[in-house]
Each structure stands twice: as structure tokens, then as C-alpha cells.
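Chemist: So the chains spell out like this:
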Amino acid sequence: NAGVMQNPRHLVRRRGQEARLRCSPMKGHSHVYWYRQLPEEGLKFMVYLQKENIIDESGMPKERFSAEFPKEGPSILRIQQVVRGDSAAYFCASSRRTGTNYGYTFGSGTRLTVV
Amino acid sequence: DQQVKQNSPSLSVQEGRISILNCDYTNSMFDYFLWYKKYPAEGPTFLISISSIKDKNEDGRFTVFLNKSAKHLSLHIVPSQPGDSAVYFCAASAQSGGYQKVTFGIGTKLQVIP
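For the record, the sequence lines run as chains A and B.
If you're matching positions, the first sequence starts at 1 in my numbering and goes up one per residue.
If you're matching positions, the second sequence starts at 1 in my numbering and goes up one per residue.
Keep in mind the hints are simulated off the structure, nothing from the lab.
Ideal Cβ placement from N, Cα and C applies to all residues, glycine included.
Don't take each hint at face value.
[As the list claims (entries may be wrong)] Selected chain A positions facing chain B (Cβ under 8 Å, derived; list incomplete):
no.	residue
1	45
2	53
3	54
4	56
5	60
6	65
7	103
8	104
9	106
10	109
Make the full structure from the sequences, and use the hints.
Modeler: Written out as C-alpha cells, the structure is:
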């Protein structure tokens, strides 16, 4: 009964490289949400996906960031040409339905460091 | 535009005493409120929630109070224990684009002193 699995836990990238963050939702959960936590800030919504569909990407930066949740496999958050300002903790959450009576289940996060 | 505000970045409480964490919101469309707890190097975990039609919800040592007229909610932990030391995020949800969108505050770091 694994929870939300995120990998890698830590990722170091040089400026200009690509970062790929993976998230496998809880079994039976088909809704995936990505949040970013910058140093000294709260959790900022980035994107909400269902299988093969992006439902809400209003929190995604317009450039360099993309997300997908394919029919098979984990959800991927992709950051191209990373810059120092992308250094943050990226959390994925999942839910069985969109109702929030019982909250989301979060993964442990991926800590991205851009050097 | 910070729709969910946690104005106290940190709070220290003696073990056994009550911890009160506060949260204010600006969006009157929020219809569900949640509290999450986060330990270092871990993801947030859901703690307790309350519907906007209620003014109190209790779960063991944790009670959430909602004052809709003041757009204010608070989390009470009594008695506080050292294991409660963590960052607490207040969150609120509202219908947006066909789903319940959750907005988080910036968190309050609680330290319970033995």
C-alpha cells in the first residue's frame, strides 16, 4: 500500500540542463497535482492533471516548464534549461476524486538544486 | 495575491500547553478548509478539515474553529507534545474550472518545548 512515490529525492542540475521529476500516485488515485515550495515560501500550485489530460496549468511558468500524466507510467514534471531560481522543493500529491474532504496525499518531494 | 494568510511564521509553546495557529483568508468562495502538517524532508500530511457550513471540528487533540464572518480559522492543539513540532499549513479550497482547487498558506513553524 505504497503512498505517493516521488523520485529522485534530490536532484542537482547545472544551469541550462533539463530536470525531470517523477511522481507515481497512490494506487487507485487518478488525480495528480504538482506544487512548488520555494525557500521561505508556502506551497504554490503549479498544475493539476488526470490521466492523459492537463486540467489546470494556471500555476505553471509560461516557459520551460511542462507536465504530463500518460496513460501508463508516472506523472512527469519537466523543467528545461534550468536556472538558479528553479531551485526548490517540488511536491506531488494525488487524490481519488477532486473532492477535498480528506485532503490530498503528498509525496516526500524532490529537492532540486541548480548550481 | 495571497488568498490564504498565515501571519505568524513561527510559534513556541511549552509541552502540555495549548498551541493556537491562526489563518485568515480573503476569498469568500472557499467552502472547505484544511490543515496540513509537515516535518522536515517529508511531504505535507493531512491533519484535519472543516466545511464552511460548520464552525468547529474536533479530532482528538486537534480542533479547528471557523469564523466565516471574520474569514478566520484556527487550529488548536491541546495538550501540545514535542512530536507536534512541525510546519503547519492552512489550506482552503473552492470550485475553480470544474474542480476543487486547493490554495495553501505559507505555513507556521510550531516548536513545542519539552
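Chemist: State for each hint whether it applies.
Modeler: Going down the list of hints, with the structure as the test:
1. 45: 7 Å, holds
2. 53: 12 Å, violated
3. 54: 11 Å, violated
4. 56: With a closest approach of 5 Å, the residue 56 of chain A hint holds.
5. 60: 14 Å, violated
6. 65: 18 Å, violated
7. 103: At about 3 Å, which falls below the 8 Å cut-off, the nearest Cβ of chain B leaves the hint on residue 103 of chain A intact, so it holds.
8. 104: Result: holds, 7 Å to nearest chain B Cβ.
9. 106: 3 Å, holds
10. 109: 5 Å, holds
Consistency with the previously given hints fails for numbers 2, 3, 5, 6, ordered from lowest to highest.
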